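A.B. asks: Please arrange chain B on chain P, whose structure you already have, making use of the hints.
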Amino acid sequence: MAITLSGDQALAAPPLSSRLTPAQVWGIALLAPYLLVFLAFVVYPVCYGLWLARAPSNYVALYHDPIFARAAVNTLIFLVIGINIKMLIALVLSGFFAQQRTWIKWLSVIFILPWAVPSIPTILSVRFMFNPEWGVINHLIFSFTGDDGPNWLNDPTVALTMAIGVHIWKSLPFWTLILITGRLAIPHDLFEAAEVDGASWWQKFRFITWPSMQTLYITCTLLSMIWTLGDFNSVYLLTGGGPADLTHVLATLGIRYLRLDQLSLAMASIVCAMPFVLPLVYFMMKRLSR
Amino acid sequence: MKLPGLSEFSWRDVATEARLLLIGIPVFLWTMIPIYHMFLFAISPKEDAFSGKLWPDHPTLHNFEIVFKQQHYFLRDFYAQFWNSLVIAAAVGVLTLVIATAAAFSISRLRVPGGRIVLNLALFTYFIPAAFLAVPMYRTMGNYGLLNNHWSLILAMVTIASPYAIWVLKQASDKLPVELDEAAVMDGATTLQIFRMVYLPLMMPSLVAIGTYAVLLAWNEYLYAFLLLSNDREITLPVALGNFLAADDSPWELLMTTGFIYALPPAAVYYAFRRYMVGGLTAGAVKS
Numbered sequence: 016m017a018i019t020l021s022g023d024q025a026l027a028a029p030p031l032s033s034r035l036t037p038a039q040v041w042g043i044a045l046l047a048p049y050l051l052v053f054l055a056f057v058v059y060p061v062c063y064g065l066w067l068a069r070a071p072s073n074y075v076a077l078y079h080d081p082i083f084a085r086a087a088v089n090t091l092i093f094l095v096i097g098i099n100i101k102m103l104i105a106l107v108l109s110g111f112f113a114q115q116r117t118w119i120k121w122l123s124v125i126f127i128l129p130w131a132v133p134s135i136p137t138i139l140s141v142r143f144m145f146n147p148e149w150g151v152i153n154h155l156i157f158s159f160t161g162d163d164g165p166n167w168l169n170d171p172t173v174a175l176t177m178a179i180g181v182h183i184w185k186s187l188p189f190w191t192l193i194l195i196t197g198r199l200a201i202p203h204d205l206f207e208a209a210e211v212d213g214a215s216w217w218q219k220f221r222f223i224t225w226p227s228m229q230t231l232y233i234t235c236t237l238l239s240m241i242w243t244l245g246d247f248n249s250v251y252l253l254t255g256g257g258p259a260d261l262t263h264v265l266a267t268l269g270i271r272y273l274r275l276d277q278l279s280l281a282m283a284s285i286v287c288a289m290p291f292v293l294p295l296v297y298f299m300m301k302r303l304s305r
Numbered sequence: 094m095k096l097p098g099l100s101e102f103s104w105r106d107v108a109t110e111a112r113l114l115l116i117g118i119p120v121f122l123w124t125m126i127p128i129y130h131m132f133l134f135a136i137s138p139k140e141d142a143f144s145g146k147l148w149p150d151h152p153t154l155h156n157f158e159i160v161f162k163q164q165h166y167f168l169r170d171f172y173a174q175f176w177n178s179l180v181i182a183a184a185v186g187v188l189t190l191v192i193a194t195a196a197a198f199s200i201s202r203l204r205v206p207g208g209r210i211v212l213n214l215a216l217f218t219y220f221i222p223a224a225f226l227a228v229p230m231y232r233t234m235g236n237y238g239l240l241n242n243h244w245s246l247i248l249a250m251v252t253i254a255s256p257y258a259i260w261v262l263k264q265a266s267d268k269l270p271v272e273l274d275e276a277a278v279m280d281g282a283t284t285l286q287i288f289r290m291v292y293l294p295l296m297m298p299s300l301v302a303i304g305t306y307a308v309l310l311a312w313n314e315y316l317y318a319f320l321l322l323s324n325d326r327e328i329t330l331p332v333a334l335g336n337f338l339a340a341d342d343s344p345w346e347l348l349m350t351t352g353f354i355y356a357l358p359p360a361a362v363y364y365a366f367r368r369y370m371v372g373g374l375t376a377g378a379v380k381s
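So the sequence lines, in the order shown, correspond to chains P and B.
For what it's worth, our numbering labels the leading residue of the first sequence as 16, then goes sequentially.
For what it's worth, our numbering labels the leading residue of the second sequence as 94, then goes sequentially.
The set of hints was computed from the structure by calculation and includes no laboratory data.
Keep in mind that this is a model prediction, so the values were computed, not measured.
Heads up, the beta-carbon is just placed ideally off N, CA and C, and yes, glycines get one too.
The reader is advised that the hints may include incorrect statements.
Far from chain B, some chain P residues (derived; all Cβ distances over 10 Å) [said to hold, decoys possible]: (1) I43; (2) S72; (3) I82; (4) R85; (5) A87; (6) I100; (7) T117; (8) S134; (9) P147; (10) V173; (11) A208; (12) G213; (13) W225; (14) D246; (15) A266.
Covered stretches of chain P, going by a simulated chain B footprint (3 or more residues, C-beta under 8 Å) [claimed, not checked]: (16) 101-115; (17) 160-172; (18) 277-289.
A few chain B residues facing chain P, derived, Cβ under 8 Å [to be verified]: (19) Y172; (20) A173; (21) V205; (22) F220; (23) F225; (24) T233; (25) A249; (26) P294; (27) M296; (28) P298; (29) V301.
The shape of chain P in the complex, shown without the other chains:
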């Protein structure tokens, strides 16, 4: 009965404008500014970019560009090794910062600084520290050992490692903060009960902390990987992609092509990153919709 009734109503529906209540009209009007921004600056650029990258010749050109292959490998190292190390440290530190101590509270206020201040001055500060001729690090090495220090940023492996280090320096506080919030949400009586039963710290972590934080931890790791794919600053400001374009990641490579006025190549290199992005997004969506 109800079904037929609603069917009849649908058939006899008056035109759209009179079906909407004033509140709904307001709703659409208030949502419209964001929708416009979204269409003009997300949907249009993405579609336009994909259209620019349509020619197969771009992909042939990328395939023959050794810098591209190197950048893809670097990106993979950055994500798989860098992010997992970062998240593990964040997990440990979230336990450290959850301790109730006055000095730890003060330390946590300082610890946020890398995230609160802009990245460019601090990354440049690190870059100067490691300058082979005038940097503080090599100056100290010279005054202690009498030898010249290494030419840090001129070795692609060292330079990429340092870029990962800079990335960790910058974003560790944010993820630690999120994991602290997760840790503090665990009911405290669970730990008290475990304490009474004489559980070791590892058992407490293994059977209480980890099960309650697992979902959050994995979600954070996936999200951090997606965002790190777009981390331009850590590599560009520290190494500039050098030496000899060996430390590029896909983020800096796309911008490099763009600066060289090879826009379709830049878009093609981003399309090539989709095999990295889409599985991450897929897992992420699956986790969030649960």
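C.D. replies: Below, chain B alone, put in the same frame as chain P:
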């Protein structure tokens, strides 16, 4: 009988404290060294800056004087660039607040049809890595004729700040009781009146958090600013700092001084609004 137990207990305490310090001291050093290094450069005379000392022999504010008087080739537009950063950050804060508050009110309180889908689509923006979106965004701004115009950076940053802002504001406004709106409607309030007199005052803490977030995001942004603005008098401070690197003989001590001046406002704003920020911004995180 009681004493040995007590001392044993405090020994365990000392051991725990020592272990905590074993983490705490490296964390402190790791966090502070790049920042302190920058500060050291800023207060050192040119010839002292490279010496590797923990404190300069003759600390000076001379570098700040050079920056504030624009007495160097690289710094000739310092005030213009500082002003650009300020205006753009303020505009992004205001615009994001207006757009996101309206959208959150519409989705959460007015339950506009399709609102949930719009929110999900909006959040999808964050699955596009920032540097990847920057490439087509650059070309799009060119098509709209906005390149080298402050509006290009403002609109780009609003695009990036809004989805998160809408999401946080929607979470916060879902928590307000429906009865408030119903009571206001009973009293004959129009939708606009509910928005102005009921919704906005109750949302103030979240609005402060989101405004601060958007302002900091825009002030700190390097990549988009570097791509979208290029004229020396139109660029923001971070782009100007990046341009220092173009020259081999760049004056590091001035670069670090300018960088220090540039980093101070966001740090100050963050600490001033920390109470709002941490509560307001991480509230949604734990739910997932």
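A.B. asks: Examine the segment 101-115 of chain P: at least three residues should have C-beta closer than 8 Å to a C-beta of chain B.
C.D. replies: With 4 residues closer than 8 Å to chain B, the segment 101-115 of chain P meets the three-residue bar; holds.
A.B. asks: Next item in the hint list is A173 (chain B). Is there a CB on chain P closer than 8 Å to its CB?
C.D. replies: It is violated, given that the least Cβ distance between A173 (chain B) and chain P is near 18 Å, above 8 Å.
A.B. asks: Are 3 or more residues of the segment 160-172 of chain P near chain B, judged by a Cβ distance of less than 8 Å?
C.D. replies: n = 0 at 8 Å, threshold three: violated.
A.B. asks: May I ask you to check that T117 (chain P) keeps its beta-carbon over 10 Å from the closest beta-carbon of chain B?
C.D. replies: Holds: least Cβ distance 12 Å, greater than 10 Å.
A.B. asks: Quick one, is the F225 (chain B) hint okay against chain P at 8 Å, beta carbons?
C.D. replies: Hint on F225 (chain B): holds, closest Cβ of chain P at ~5 Å, below 8 Å.
A.B. asks: Return the status of the interface hint for P298 (chain B): holds when the least beta-carbon distance to chain P is below 8 Å, violated otherwise.
C.D. replies: Violated, because the Cβ-Cβ distance from P298 (chain B) to chain P comes to roughly 17 Å (cut-off 8 Å).
A.B. asks: Hint M296 (chain B) vs chain P: min CB-CB distance below 8 Å?
C.D. replies: 14 Å, violated
A.B. asks: When the nearest CB of chain P is found for V205 (chain B), is that gap smaller than 8 Å?
C.D. replies: 3 Å, holds
A.B. asks: Taking the closest pair, is the beta carbon of V173 (chain P) still more than 10 Å from chain B?
C.D. replies: It holds; V173 (chain P) is separated from chain B by about 17 Å at its closest Cβ, greater than 10 Å.
A.B. asks: Decide, holds or violated, for the assertion that all CB atoms of chain B are farther than 10 Å from the CB of P147 (chain P).
C.D. replies: 12 Å, holds
A.B. asks: Per the CB criterion, is V301 (chain B) less than 8 Å away from chain P?
C.D. replies: 16 Å, violated
A.B. asks: Compute the least Cβ-Cβ separation between D246 (chain P) and chain B, then decide whether it is above 10 Å.
C.D. replies: Non-interface label fails for D246 (chain P): nearest chain B Cβ at 7 Å, not farther than 10 Å.
In summary, the structure is inconsistent with hints 1, 8, 14, 15, 17, 19, 20, 26, 27, 28, 29 from the numbered list given earlier, while agreeing with the others.
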